[in-house]
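Using the sequences and the hints given, assemble the complete structure.
From first to last, the protein sequence lines are chains A and B.
Just so we're aligned, residue 1 is where the first sequence starts under this note's numbering, counting upward by one.
Just so we're aligned, residue 598 is where the second sequence starts under this note's numbering, counting upward by one.
Label pairs and their computed distance ranges (CB to CB):
(1) L199(A) - I615(B): 18 to 24 Å
(2) R660(B) - V429(A): 38 to 44 Å
(3) Q664(B) - T157(A): 46 to 52 Å
(4) T653(B) - M493(A): 49 to 55 Å
(5) R659(B) - L586(A): 33 to 39 Å
Since the hints were made in silico from the structure, they are not lab data.
Here the structure is a predicted model, which is why all the values come from computation and not from measurement.
Where is the CB? At the ideal position from N, CA and C, for every residue including glycine.
Residues per chain, in single letters:
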Amino acid sequence: MLLYFVFVIGIGFALKRYMKTSKDFFQAGRALPAWICGLAFISANLGAQEVIGMGASGAKYGLETAHFYGIGAIPAMVFVGIFMMPFYYGSKARSVPEFLRLRFDEKTRGLNACSFAVMTVFSSGISMYAMARLIQALHVFDGLFYQLGWPQGGIFTFSIVLSAVIVLLYIFLGGLTSAIYNEVLQFFLIIAGFLPLVLLGLKNIGGWAGLKASVPVAYMHEWKGVLHSNTNPMGIEIIGIGMGLGFVLGSGYWCTDFLVIQTAMASKDMESARRVPLIAAVPKMLFPFLVILPGLLAIGLPTPHTSTVVTTESNGAIVHNISVVPKEVEDGRGLVPAKINPLTGQAMLDASGHPLLDYDMATPNMLLHYFPTGILGLGLTALLASFMSGMAGNVTAFNTVFTYDLYQSYIHKGASDRHYLAVGRWATVGGILLSIATAYAAINFNNIMDTLQLVFSFVNAPLFATFLLGMFSKRTTGHGAFSGLIAGTAAAMLHHGLTLPIEAHAGIHGGWITVIHHYPSDMAQNFWGAIFAFSTNFVVAVVVSLCTKPRPESELVGLVHSLTPKPSMAHLAWWKRPEALGIAVLLGAVALNIFFA
Amino acid sequence: MSLDLRIPMGLMFTFVGIILSVFGLRTNGDAALYAKSLGINANLWWGLVLLVFGFTMFLLGRRRQLQLAKEPPPAREEGEARRGH
Numbered sequence: 001m002l003l004y005f006v007f008v009i010g011i012g013f014a015l016k017r018y019m020k021t022s023k024d025f026f027q028a029g030r031a032l033p034a035w036i037c038g039l040a041f042i043s044a045n046l047g048a049q050e051v052i053g054m055g056a057s058g059a060k061y062g063l064e065t066a067h068f069y070g071i072g073a074i075p076a077m078v079f080v081g082i083f084m085m086p087f088y089y090g091s092k093a094r095s096v097p098e099f100l101r102l103r104f105d106e107k108t109r110g111l112n113a114c115s116f117a118v119m120t121v122f123s124s125g126i127s128m129y130a131m132a133r134l135i136q137a138l139h140v141f142d143g144l145f146y147q148l149g150w151p152q153g154g155i156f157t158f159s160i161v162l163s164a165v166i167v168l169l170y171i172f173l174g175g176l177t178s179a180i181y182n183e184v185l186q187f188f189l190i191i192a193g194f195l196p197l198v199l200l201g202l203k204n205i206g207g208w209a210g211l212k213a214s215v216p217v218a219y220m221h222e223w224k225g226v227l228h229s230n231t232n233p234m235g236i237e238i239i240g241i242g243m244g245l246g247f248v249l250g251s252g253y254w255c256t257d258f259l260v261i262q263t264a265m266a267s268k269d270m271e272s273a274r275r276v277p278l279i280a281a282v283p284k285m286l287f288p289f290l291v292i293l294p295g296l297l298a299i300g301l302p303t304p305h306t307s308t309v310v311t312t313e314s315n316g317a318i319v320h321n322i323s324v325v326p327k328e329v330e331d332g333r334g335l336v337p338a339k340i341n342p343l344t345g346q347a348m349l350d351a352s353g354h355p356l357l358d359y360d361m362a363t364p365n366m367l368l369h370y371f372p373t374g375i376l377g378l379g380l381t382a383l384l385a386s387f388m389s390g391m392a393g394n395v396t397a398f399n400t401v402f403t404y405d406l407y408q409s410y411i412h413k414g415a416s417d418r419h420y421l422a423v424g425r426w427a428t429v430g431g432i433l434l435s436i437a438t439a440y441a442a443i444n445f446n447n448i449m450d451t452l453q454l455v456f457s458f459v460n461a462p463l464f465a466t467f468l469l470g471m472f473s474k475r476t477t478g479h480g481a482f483s484g485l486i487a488g489t490a491a492a493m494l495h496h497g498l499t500l501p502i503e504a505h506a507g508i509h510g511g512w513i514t515v516i517h518h519y520p521s522d523m524a525q526n527f528w529g530a531i532f533a534f535s536t537n538f539v540v541a542v543v544v545s546l547c548t549k550p551r552p553e554s555e556l557v558g559l560v561h562s563l564t565p566k567p568s569m570a571h572l573a574w575w576k577r578p579e580a581l582g583i584a585v586l587l588g589a590v591a592l593n594i595f596f597a
Numbered sequence: 598m599s600l601d602l603r604i605p606m607g608l609m610f611t612f613v614g615i616i617l618s619v620f621g622l623r624t625n626g627d628a629a630l631y632a633k634s635l636g637i638n639a640n641l642w643w644g645l646v647l648l649v650f651g652f653t654m655f656l657l658g659r660r661r662q663l664q665l666a667k668e669p670p671p672a673r674e675e676g677e678a679r680r681g682h
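Following this line, the structure appears as structure tokens:
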């Protein structure tokens, strides 16, 4: 683990020499090759939410979780690469909010910048929280603390601070390039850590057939029973999946979240930029095996129980061999323990009195179960790496948006470039401090995925509608976009306040206005909330746009589909063109879906 | 950026591979340790895999680095005019 930290910070130092201008710091000089950006693209997203969250969802919902990839991510990635990249990259905007200013107007940009800044800090905080909890649960620092005489309760805080400091160091020094390079490193490390786990786990449980036999039938099928919400574990139905996940949430994230777009915009030219999301889509299709399977395996394995083995020795002595299993493990299922509130030490219960399962522990427990010392260090480092890459991506997105879109636009215009470079560095510090604060708020959810999806749905779903309208219709106006965004976000919040998943208590899970509808699960509530948000934004934006004056076409060249000359790809061999790659990716995704239907 | 990522990355994986393989070799007969991983000496095998991977990356990176060093430096493009947005 130490080796990894050394290298990570080392890369930061090495890159410091190149960080001369703010362009270098925030945009990696716009000079990186496509394969690096492609891998970083997917790695930035491979934070806590992917590795732990997907394992947790795999344990909770089964193979259906793969829909996040097949429907939620792949089509959106293809779309953004082929259709939206020309606008993002071509406009030379330095951030997504800036693109909004170019296309619409200042207030739209301001709104997006503020909400994005908040959201990205929230995400970073969640990553930190997850990492700290993990360190706590895996007892990594217990020995050290004991020797130093510090209270064990301090481990949580210590982990948060440690992760914050390391990420801070390498971004402070090397900017976006450092983050991107480290993300690629983390990508390979994650594979190095998790591939052996999946191989061992599958071997242990008896291969694919053995896994099928140990978990409920629906867990092994992606599409089984999706026509009605009662027949599949996620409690959603095909419209919810199709529209909510695929169209809105998935695209909302992949097409507009600056976290990922920032990585693509750092590429060296337009062709590379367009290929980045497509390159990323390839490993993305295969990752379900790496991250979802451990979750499935965890639930499929037999639950350890406190047991007594009585043997009679040859000299007549009767020996009771008691292996004690902690209560939280016994209350759980397979390798997934029941959820314990870290502050009180008691098991948490859901609305019907059953212990809540701590699905987030599925993957970490798998690591502990199968890895002997040595490779266990590698597995844990891979896990930590995934958190840090998530955090790093959020922090770089935050410091860029803060410096360009908030500071430069509203607080201090026209300063020297060195000034902004310095501001960017301090924004990094500020962003990390804020993340630490939000880390403590994440304690109330039993699955990180749900938390993140909730936050995203509030902010992202409406956003995608704005971009779609902006890029493909020249009639959309600034006023329309602005009001649409507000209406969409309000709709998301309203929806959340009025509905509640069946097994939850009112409060942070919803229903804080009054409950007029129950959803079978958190996930379903999220998806439908996204659909409402998107539609509201769309409708309001269109209506308001029709009532206000659009900008003259001359100003919109290069920003709207109909007014932009198509970049000529004729000089590339046909199989190198982004379109061909996109089609190949889609075909691959469809094939996987059919195989696991 | 003149720093080819494959060099530090290759180095890191090579070291990790070496550490794991050596540790795996030394604990080869230890059944209790490897009961968890179903009796397979995970350290040794995976260590070797990583070692090969890391070294390959490193070599590829070095080759590219040497290639680039031979070419004339690229002309300074319009990056100057673009500063201070």
